[in-house]
Each structure stands twice: as structure tokens, then as C-alpha cells.
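Dock chain to chain to rebuild the complex, using the hints, since each chain is given by itself in its own frame.
Just so you know, the protein sequences line up as chains R and E, in that order. Using numbering that gives the first Met the number 0, you'd call the opening residue of the first sequence number 0 and step up by one each time. Using numbering that gives the first Met the number 0, you'd call the opening residue of the second sequence number 0 and step up by one each time.
Keep in mind the hints are simulated off the structure, nothing from the lab. Treat the hints with caution; some may be incorrect.
Not close to chain R: a few residues of chain E, all C-beta gaps over 10 angstroms, as computed [stated by the list, open to error]: (1) R14; (2) V21; (3) L22; (4) S24; (5) L25; (6) F48; (7) L70; (8) S264; (9) R281.
Derived CB-CB ranges, DEER-like [to be verified]: (10) L118/E with L39/R: 30 to 38 angstroms; (11) T152/R with D148/E: 32 to 40 angstroms; (12) A208/R with L243/E: 37 to 45 angstroms; (13) S193/R with G20/E: 45 to 53 angstroms; (14) V113/E with N159/R: 48 to 56 angstroms; (15) E42/R with V234/E: 26 to 34 angstroms; (16) T152/R with A143/E: 24 to 32 angstroms; (17) V113/E with S193/R: 36 to 44 angstroms; (18) E15/E with D160/R: 54 to 62 angstroms; (19) L181/R with V113/E: 41 to 49 angstroms.
The beta-carbon is built from N, C-alpha and C at its ideal position, and this holds for glycine as well.
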Amino acid sequence: MSEAGADRRGAGGTVFLRFLARPEAPALIFLVVLVAAFTLANERFLQVGNLESILTSVAVLGVIALAVNQVILCGEIDISTGSMLGLCAVTSGAVATSAGGLFLPLLAGVAVGALAGAVNGLLVTLGRIPSIIVTLGMLYALRGVILLVTGGTWITGIPNDTRVLGTGRVLGLGYPVIVLLLLFVVMEIVSRHSTWGRNVFAVGGNRRAARFAGLPIDRVRFLAFVLVGVFVGIASVVYLGRAGSVQTNTGAGLELQVVAAVVIGGTSISGGRGSSLAALTGAVLIGVILNGLVLLGVPGIWQDAVLGGLILLAVTTDVVRRRLVGDRA
Amino acid sequence: MSAATAALKRLKFSREAVLLGVLISLVVVMTLLDPLFLSPTTLLNTSRFFVEVGLMALGMTLIIITGGIDLSVGSNLGLVSVAVGFSYAAGLPLPLAILFGLVVGVAAGFFNSVFITFLDLHPLVVTLGTFALFQGLAYGLSNADAVSDFPPWFAYFGQAYLGPVPGQLIIFVVAVAVVWIILSRTSFGRYVYAIGNNEEAARFSGVPIRRVKIALYSGIGLLVAVAAVIYTSRVYTARGDTGLGLELDVISAVVLGGASIYGGSGTIGGTVLGVLIIATLRNGLILAGVPSTWQLFILGVLLLVAVFLNEFFRKGEE
Numbered sequence: 000m001s002e003a004g005a006d007r008r009g010a011g012g013t014v015f016l017r018f019l020a021r022p023e024a025p026a027l028i029f030l031v032v033l034v035a036a037f038t039l040a041n042e043r044f045l046q047v048g049n050l051e052s053i054l055t056s057v058a059v060l061g062v063i064a065l066a067v068n069q070v071i072l073c074g075e076i077d078i079s080t081g082s083m084l085g086l087c088a089v090t091s092g093a094v095a096t097s098a099g100g101l102f103l104p105l106l107a108g109v110a111v112g113a114l115a116g117a118v119n120g121l122l123v124t125l126g127r128i129p130s131i132i133v134t135l136g137m138l139y140a141l142r143g144v145i146l147l148v149t150g151g152t153w154i155t156g157i158p159n160d161t162r163v164l165g166t167g168r169v170l171g172l173g174y175p176v177i178v179l180l181l182l183f184v185v186m187e188i189v190s191r192h193s194t195w196g197r198n199v200f201a202v203g204g205n206r207r208a209a210r211f212a213g214l215p216i217d218r219v220r221f222l223a224f225v226l227v228g229v230f231v232g233i234a235s236v237v238y239l240g241r242a243g244s245v246q247t248n249t250g251a252g253l254e255l256q257v258v259a260a261v262v263i264g265g266t267s268i269s270g271g272r273g274s275s276l277a278a279l280t281g282a283v284l285i286g287v288i289l290n291g292l293v294l295l296g297v298p299g300i301w302q303d304a305v306l307g308g309l310i311l312l313a314v315t316t317d318v319v320r321r322r323l324v325g326d327r328a
Numbered sequence: 000m001s002a003a004t005a006a007l008k009r010l011k012f013s014r015e016a017v018l019l020g021v022l023i024s025l026v027v028v029m030t031l032l033d034p035l036f037l038s039p040t041t042l043l044n045t046s047r048f049f050v051e052v053g054l055m056a057l058g059m060t061l062i063i064i065t066g067g068i069d070l071s072v073g074s075n076l077g078l079v080s081v082a083v084g085f086s087y088a089a090g091l092p093l094p095l096a097i098l099f100g101l102v103v104g105v106a107a108g109f110f111n112s113v114f115i116t117f118l119d120l121h122p123l124v125v126t127l128g129t130f131a132l133f134q135g136l137a138y139g140l141s142n143a144d145a146v147s148d149f150p151p152w153f154a155y156f157g158q159a160y161l162g163p164v165p166g167q168l169i170i171f172v173v174a175v176a177v178v179w180i181i182l183s184r185t186s187f188g189r190y191v192y193a194i195g196n197n198e199e200a201a202r203f204s205g206v207p208i209r210r211v212k213i214a215l216y217s218g219i220g221l222l223v224a225v226a227a228v229i230y231t232s233r234v235y236t237a238r239g240d241t242g243l244g245l246e247l248d249v250i251s252a253v254v255l256g257g258a259s260i261y262g263g264s265g266t267i268g269g270t271v272l273g274v275l276i277i278a279t280l281r282n283g284l285i286l287a288g289v290p291s292t293w294q295l296f297i298l299g300v301l302l303l304v305a306v307f308l309n310e311f312f313r314k315g316e317e
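Only chain E is shown next, with the shape it has when bound in the complex (with noise of 0.2 angstroms):
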């Protein structure tokens, strides 16, 4: 046993090249069961499923590269869900609605950094407070009810098509490019890491921890924000438990991609691959008729064993 671990421990592996197998495998698998899944059109449209998710899970990144985590923003997303459609339905213009929409969604992301670092509160504490406090106000303020008398156009956000590519697609792309360069060429993401390795270290070094922080926290809020408005556009309704649980969607993602819940290692790569393998899985669970009961069983599971296997592996490469 020990032997066969410490081979284990020892074998070198580059981890996207790891998840890019699974990826592939699971599309094969996919593919088996269903032939129509490997045409083109259908992985386009599966792609209109995973952007919400693929959004917040970059921000997620940055955060858990930093050591801290955000169980806040699945409730983020339907207060912002609930802020966009009940403006809108009092009489505010729908452009309104959604600029007020994407500041509700930032001023709850700054609302989590001002007590993570002006409290030095653990972010687990904060968010596990916020996420309870914008679900409720959420509930509260749409009275449990529903909007969803949009305009035409709204559809445009969730629903459009250039040319055979659906829209969100597009701005997912533009996000990750955005982000990667934010995390991999500039001081900031220098600092992301330098924070997540050693803050204590950072803190003398110079680093501006706080801002770093309040940065990362309304970042979050505004990538939620932009999940939301093409959540409800897709969706065409807006309502409160709308996003309720994906949190767990996103942080699983993040860490499948190999992102250490301990903070100071984890990459954009790792993190795309993590959503795409979620989505794949779960878009192929529902072609194959597995009830949605059984995702979360297997989605929780999977948080699991990922969180695991990179804590078993990261001991054997240092």
C-alpha cells in the first residue's frame, strides 16, 4: 500500500493535462450514449449552460488563490436576479434596471470585504452570514413572487445567437481573457498569489492586502451580477431562489481545477476545465435520464474527492 502511494506520489503529471483527459473521456463517454452529443450545435448549446457558473467561478479563483472562499454568491445572484426585475416592474427603464441590478451586485461583494478586512473576519464567517442575509432579502424584497414580463430585446442577454455561437458564450470568452491576464501579467495577480502563499510575508512586503481584497470581493459581486442579468435573460424570469446552491457548482469547479482551498496555487486553465468538466457531467446526467436528485449527491461527492486527490497530490510534489 505504502509503495504503490509513494509511486503514486512520485509519478510527474501536469494537471490540465489530466483534466483535459477527463474532459475527453467524458465526452466520449457522452457521445456513446447519446450520439447526437458530439455535433457541433449541441456542445454550443451546452455552452449557454455553463457561463453563469464559469463566470462567478473565476472570481472564485482569484479568491480561493488568496485563501479566502465566497459561499455568498449563489444568494448574490438572485438578489440581483430579484434587484433587476422588481426596479424594472416599479417602472424604472429595463437599461436602468440592469446598470442598478449590476451595482446591487458590487455593493454585495463590497459588502463581504468591508467586514473580511476592516473586521478581520474569516471570509467562511462573513459569507456563510451574507449568504443567508441575501437570499432572505432577496425572498423578502420579491415577496416570493416573480417578474417576468421583459421586454422582447432582455432575451437578447440569455438567449441570442451570432451566427451558430450563443451570445454569453462570447462574453464568457472576453472574462476568461480578462482574467487571465489580470491573474498572470500584472502586479495584481502577483499579489493575488503573494497573499494566498504567505500574508504575513505579503503585509511586509509592501502588499496592499485590503485593497487587494476589497478588489477581489466587488469583483466577485460584478461577475455575479453579469451571471445574473444573463441567468434571468435566459431564463426570462426573475425571482429570488433563483442561483439558490450554485455556490457549490462554482467552488467545486474551481477546485477540480486544481486551485488549493489552502490558497497561493491555482490557474485560469485549471479552473475553465473544471467548469467544463461540471457542465459536461451534469449536461450528460440529464441526457442520460439521471434524476436531478442524484447530481447533487454526485456533485457534493465529486467536491469531495477533488478537494482530496489535489490535497494528496500537492504533499507528493513538495
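Looking at chain R on its own, in the form it has when it is part of the complex (with noise of 0.2 angstroms):
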């Protein structure tokens, strides 16, 4: 089941009804009530200051799920995300503060992504442990690895022209805002046009399906982990335009949020149903709830707890959803 199933279902309804079947819904109609419920708390809120900020707060989160949802589309899924984030932006913040300019430490961090990604691929596809078992070790051993690089320094002084990413503005624009936008049109048209990305449903919907259909489901699996890595490594160039600093830490959990961001979004964790919007919307859900939980004062201490709440929620929703629809896909 996928997209297909949904517009067939909508065709003889309203516009409405169709949006209704779509898997992001749930959390746009929620997003939509939660900034209300903000505003009206705090008329602030829906500033636009205050929504570029948001934005811009999810930025490296949101790129990094653009391509996690492909890996959970496929069936897969990725939790080495905030160890792979950290050695990226290692690599590019030490290529940055030797070489400077923009293109070297980006090239360096995507490098530097890609490859990690492809080790993940290569061991889930050709080594056929699970994904999970994978990305877990590989969690903790690429913080390995960069504590080894880095020797558990800091990398500060990260220049201003490679900061751009981070800080720049065009068109009243901040750039992590544009270069989040500008990936999410990429995927959209990848996954709704590009063979690979209606592979990516197939595989997740049915595996085997998609083998006796004659589809490459170790290439396409392969190629979404890969892209998981080069959406890392460029995400890693904004963190570091807006950090201006590498800590060994740098994004120590990020992985949960990530993986949160797409199932609350309304990607399925069991593969084949979701859509890049989805993690997109998921990612600034995260972004208004952890913004909200400040304006309500509520400690940063809690935002675990609310994270981990959130996920269970969104994997029992989308549970009822399909038992009341009747979907056991």
C-alpha cells in the first residue's frame, strides 16, 4: 500500500478527503491545531521571526530526515545518524579551518558521510545483518572514531566563509531554512519521479513482491543509506555554519530525533507508506513542540521523555489508523 491505494481511494471524493487518506495528515492537522493552541497562548508565536526560527532550528534535523524516510520507506531503518553527523562535521570543520571556503569542507563532510553511509549499506545488503544491529554498532563506533580523530578536542574558528550555510541570508531567507526547502522539493520529485524512488515503495511494501517483480533491492536499499550519509554530510556544513564550533558530542541523540521526526510525520515504520513531506512535517512538529515546551517553561530535561512519548504515539496511531481502515499491509 502506498500513495497508489490512497488517491484510488479519494478519487471520487472531495479534495478533502483525499488529503484526509494521505500518511501526513494526522500530523499536518496536528501541526496546524498545535501552532493555534501557541499562538493563542503567546501572540508572539506565530511571528514570522518566530517561524524562521523554528525553521531554522529543524534545519539539520529536517535534511537528515529527507533521507532517513527513504531508508524507512524501504523497510529499513537508520539510528547511526548523530554519531555520522558528528564525524562529519569534524571532517568538514577541520577541512574548513585549514582550507576554508565553502565547496572543499562540504565536498570533505559529504565524503566523509557517504562512505559511512556505504558501510552501513554494504553490511545490511552483502553482510545481511539487520539494519537495526548495523547502525547500532555503528552508533557507537564512529563516536569511536572521532574521539580518536579529534583526540577529544573542540574544533573552533571555523571561518566565516564557510559559516555561510549557517548564517547567511538571501531574499529575507535564512539559508538552513533554504537549503532544508530546496532538499525537500529535491526528494519530492525523486521519490514521485525517479525510478529508484518508486523502488524505494516497492521494496518497503512488499519485498518480495519487488523481487519476483525483478526490482534490485540490495542496489536500491544500498543507495538509500548512501543518500543518508551525503544528506548528513551537508547537513553537518549547516551545523557548522550555525555552531561555528565541533564539539566530540556534536549530535549525541540526534538519531532519536530523527527517526521520530519520520514516524510522526506519518512515514510507517514498517516500510511503504509515507512521503518526504511527512518527515518534514514531522521534523517541524518536533521543532514547534521542543520551541512550545520552552514557552511554557517546561525544563530541558524532559525533552526525552516528550521524544520518546511522541514516537510511541505516533507508532500506536498509525496502528489504529490501519486497523481502521483495514489495512494489514
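Have a look at this one:
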């Protein structure tokens, strides 16, 4: 089951019914309600400045969620992104301090990310190890590599011409927001119109059927893991720009937020059903909730509990929705 | 290459024998690094540090045999530690506080099992969620603070010795015996293997799958809680980040011990050897002055290699 089935169901109905059948509909409705509630509580919430700052704060999370979304659509999972972001940021940071500019650090970050993603992909496809174990192992192994490479010291003094992806503005919008929206559009197009994008849904929806149809299941999944690495590499330069320095614990715990964003947004954790808009919605929703917690004066130490609760809520909603619709996919 | 692979796959071997060989060679290497390592005192002392991981690994073995997993054990350990410490600090007598901790641990495991059985969700997703939830609750409820003004007798659980033998080693040996009997000598144990081999077939054969899973996840909650009390007593401090990352040690020990991550196979003997190997390795790395950061890396790689070899040889056996 994917968008095709949803579209058919809504074909005779109104635009609204068709919208309700989309995977990200519950999250979008929840987002609108939440924004309305926060606006009533504090009228400054809806100001352009605050909305942009929320988008900026979830740019790194959103970019990575867009890629992990594809992995989850394949029926796999990647929980190594936190350490991967740290490793990419350390690499691009080191290149930035020695070479400067935007291109070289970006290239270095993307290359290291793609390499780490390729290791994940190879272990999952050729090694036949479940992706949760592979990426759990990599989560720790990569964190070890970071500490090894840096020796535990911070990277500071990132030059301003590298930081442009985090601090620059064009047409009244910050670069982090532009990068996020641009990659979102790219992923929507790839997802709808490229062979690989369609194969991802097929592999996640029914792997046996996809195999019998002659789809290159291993290559589809491998590329999804590499894509995560590439997007983490891009995100690392945005991070570098916003933070201006790299600590050894950079990205710690981010993997949870990423998975939370994807499943809260409405992509099914069992694969085959979801969209890039779901990943983006989920990321923004997390940003709004964290921003709202601050507005409501909830201490930051409760963040993990809220995130965990949201993941459970999202997957439970998914099950209940599937049972109501009678879709046992 | 392919001939060599085929020869390797034909190689008949007992996994336990190989693991024992690895353990012995590790001990030899450690003894060469530090002659004091092989003395009974050092070995018994070492045992103080693997009991917590070992207790959780016993429960994890059964869960992995059913094809499930529990990523929340480390967070649950922190939550129980906070429950014990802060209910005591709030005025509850310590025995009741410990009892409360055990209840919290079992309740957390039961909470997992409700999502897994009644909603039919994959344990991986559920426990990833509760991993964050329990951790967050432990931080939030403790206000990221610590309690360490326990009465002296609390040290009994994690620091006492019976003669030369650390107290918790006895608890561990008893737990190993109990779980071994459950797994290999009871119908419950047969159900565990049946679910892991083919859940659908087990369902049609009348195995009470729901009840078995509820018992397993609540049971590991109890083991986690016992481990948490021992851990808290050993370090004499209750805090929310206790147990952070321990799930890696636990899962590594179980898969190193030969349990298939796809379910259906695994033994308590293998898991105990896995626990001992990881403990020796960790202890040896500390003795050798290897920084803890390397240990993360080595453990992560070890986990991957162990799973890979497991599946490689399993295909050969079939």
C-alpha cells in the first residue's frame, strides 16, 4: 500500500477526503492545531521571526530526516545518524579551518558521510545483518572514531566563508531554511518521478513481490543508506555554520529525533507508506513542540521523555489507523 | 576464495568450544600484559563488574531467541536507580524504596510488552521509543541530580563479600541456573524457541504467544531492576544517566554468545561466555591503559563482527 492506493480511495471524493488519506495528514492537522494553541497562549508565536527561527532550528534535523525517511520507506532503519553527523562535522570543520571556503568542507563532509553510509549499506545488503544492529554498532563505532580523530578536543575558529550555510541570508530567508526546503523539493521529485524513488516504495511495501518483479532490492536499499550519508554531510556544514565550532559530542542523541520526526510525520515504520512531506512535517512538529516547551517553561531535561512519548504515540496512531482502514500492510 | 569459504562453512565446530578458546586466549594475553590478572583475587574482583550486564543479558537471550529485542534496558536501569534513590531521599524506608524500584522495573518491562503484544508493534520501534521515554523520565524526575546519602547497609548489594566471593556473583550464578532451567527444562522454554523459529506455526500449535511475550519483557524488567539495585549500591549513587549505553554491552554479549538476531537459536551457556569475554576485554583494555573512547569503537565493531560471523556460519550449518 502506498500513495497509489490512497489516491484511488479518494478519487471520487473531495480534495479534503483525498488529503485525509495521505500519510502525513494527521501530523499536519496536529501541527495546525498546535500552532493555533501556541498562538493563543502567546501571540508572539506566529510572528514571522519566530516561525523562521523554528525552521532554522530544525534545518539539520529536517535534512537528515528527509534521507532517513527513504531508508524507513525501504523497511529498514538507520540509528547511526547522530554519530555520523559528529564525524562529518569534525571532518568538514577540520578542512574548513585549514582550507576555508565552502566547497572543500562541503565536499569533505559529504564524502565522509557517503563512505559511512556505504559501510551501513554494505553490511545490511551483503552482510545480511539487520539494519538496527548494523546502525547500532555504527552509532558507537563512529563516536569512537570521532574521539580518536579529535583526541577529545573541540574544533573552533570556523572561518566566516564556510559558515555561510548557517548564517547567510538571501531574499529575506536564512540559508538553513533554504537548504531544507530545496532538499525537500528535490526529494519530492526524486520520490515521485525517479525509478529509484518508486522502487523504494515497492521494496518497502512488499519485498518478496519486489524481488519477483525483478527489482534490484539490494541496490535500492544500499543507495538509501548512502543518501543518508550524503544528506548528513550537507547537514554537517549547516551545523558548522550555525554552531561555529564542533564538540566531540556533536549530534549525540540526534538519531532518536530523526527517527521520531519520520514516524511522527506519518511514514510507516514498517515501510512502504509515507512521503517526504511527512518527514518535513515531523521535523517541524518536533521544532514547534520543543519551542513550545520552552515557551511553557518546561525544563529541557524533559525533552527525551517528550520525544519518547511522541514516538510511541505516533506508532500507536499508525496501528490504530491501519486497523480502522482495514489495511494490514 | 570460494573454495576457502566453502571449506570454512563445512568446518564442524562447537560454538561454545570456540568461545571458550577465545576467552582462554584473552585471559592469557591479559596475563602477559599484567601478571596480576590471573590471580583469584583479581578474577573474583573482575566479576563485580559484569554481573549487571550479565543479569540483563540472561533476559535478553530469551527475548532475542523469540526474534525480539529490547533497546530500553540501559534507560530502564537508570529509571530504577532514580526510583530507588529518590523515593528513599523523599522519606521512604530503604527496603520499601528497593521494592518500589523492582516494581518500577517490572512495570517498565510490562509497558513495553503491552505495546508489543496488543498493538502488534515491532519490539525494536517500541523499545526505541521507551529508550528515550525512560531516559527522559529518569532525567526529569531526578532533576538531573544525584542521591548518594544511603545508609551503610545498602552497600551490601554491590560491595559485600562472602569470604573472597563478591555477593553479586552469587546472585548472578543463581539467576543463571534459574534462567537455564526455564529455557531448557520447561515448556515455557520450548515456547520461546517455537516463537522464534516460526511465530505463525507456534500460534497454530496453541502456544500462548501473548502471555509468553508479556512474561519475557516483564521478566527482563525484573532482571534490569535487580541489576540497577546492584549497580546503584556498587557506585553508591543513584542518578539518571546510570546505565547509559549498557544496551550495547548486553546485546553484544548475547549475539557474541551465538544467539541469532533473527530468532530461533541461542543458549544460556553461550551468553554467559559472551558476557565473560566482553568483561575480560573491557577489563583488559582498562588495564592496558586504552582510553574509554576506543572501548566504544571496539565494542561497536565487535558487535558487527559477531553478528556477521553468526549468520555466516549459520548459513553453512543449514
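Flag every earlier hint the structure violates by its number, smallest first. As far as the earlier hints go, 7, 15 are violated by this structure, in ascending order.
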